[in-house]
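Got chain A; can you put chain B on it based on the hints?
Listed below are the residues making up each chain.
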Amino acid sequence: MRVFSSTCTFDYSWEEVSAANWRKYCPWNDKSTHVVAVDTLSRVVDLETGILHTERLITCHQSVPQWVLSLFGGSATSHVYEVSYVDPSSKKVTMCSTNLTWSNVLNVRETVVYQPSFLNPSSTTEFNQEAKITALCGGWQRIKNKVEEASVERFSQNAKKGREGFEAVLEMSRRVFSEQRELDRNKLKP
Amino acid sequence: MSASIAPECNNIKEKYDTCFLKWYSEKYLRGNTASNECDELFAKYKTCLNIALKEKGIESMLDDARKVMKDSETD
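So the sequences go chain by chain: A and B.
1 is the number of the first residue of the first sequence in my numbering; add one for each residue after it.
1001 is the number of the first residue of the second sequence in my numbering; add one for each residue after it.
With the rest of the complex left out, here is chain A (with noise of 0.2 Å):
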């Protein structure tokens, strides 16, 4: 098993930071192309706590090295699934995903975290993301490592695009709540 984590902090409230999570992978984010759908498959608040649950399908497509195709077959569509959970008055959202496609070669589980930073809670939020890849075909262990290697690797390179293309749509989210409320405040004016 390997373990990949990457922790950063975003520039934007926890209020921002989670309503933008919900479209991550929207058109504003030009860097995550290899997410193709989401797709919300249940959501439901809990109505003693306030958390929200939601869980959802992610459809992704990308180029799988062929040495990787060669030896396990299938296709360059994958399926991960996610549960999420929203806790509004600890204001902290986790998010948990597995892979559902190669899952009998593969088996690859995030845990994401978005929390109010430490030193400046009211305008920046942290992010923390740990994911841990275990390879599961029986046999070679060399076969095994570099599985895993070469998962590590493009989980890594996915997580800095992931990065770059969501402060691009905080960016975006921003601009255009700022421009609604301009319009809003227009439309009140006699």
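Check before you lean on any hint, since a few could be wrong.
To be verified - No more than 25 Å apart at the CA atoms, straight line, and that leaves these computed lysine to any residue pairs for SDA-like:
| hint | chain 1 | residue 1 | chain 2 | residue 2 |
| --- | --- | --- | --- | --- |
| 1 | B | K1044 | A | V113 |
| 2 | A | K31 | B | E1014 |
| 3 | B | K1044 | B | A1006 |
| 4 | A | K24 | B | Y1024 |
| 5 | B | K1070 | A | S5 |
| 6 | B | K1054 | A | H53 |
| 7 | B | K1027 | A | V113 |
| 8 | B | K1070 | A | G50 |
| 9 | A | K24 | B | G1031 |
| 10 | B | K1022 | A | V152 |
| 11 | B | K1027 | A | T94 |
If you're looking for bench data, these hints aren't it; they were derived computationally from the structure.
Leaving out everything else, chain B in the frame of chain A:
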């Protein structure tokens, strides 16, 4: 907004996503967690999506993943 795995559901998904995001920013994050104004749109979107998930054989993969996720939560 992002596309749906089933292109025939894109239209209703777009409507639902827009409704949800508005509800999330304007109500949910401001403490009004109980309202359900997007439920009707979500039901329509889900009807469309579920047909596609069955056809593509994703439904059964999801069932397996849900079980694994549940097991690890209780670990």
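We went through each hint and held it up to the structure:
no. : hint              : verdict
1   : B:K1044 x A:V113  : 31 Å, violated
2   : A:K31 x B:E1014   : 21 Å, holds
3   : B:K1044 x B:A1006 : 14 Å, holds
4   : A:K24 x B:Y1024   : 15 Å, holds
5   : B:K1070 x A:S5    : 23 Å, holds
6   : B:K1054 x A:H53   : 23 Å, holds
7   : B:K1027 x A:V113  : 22 Å, holds
8   : B:K1070 x A:G50   : 21 Å, holds
9   : A:K24 x B:G1031   : 23 Å, holds
10  : B:K1022 x A:V152  : 36 Å, violated
11  : B:K1027 x A:T94   : 20 Å, holds
Hint compliance for this structure: hints 1 and 10 are not met, and every other hint is.
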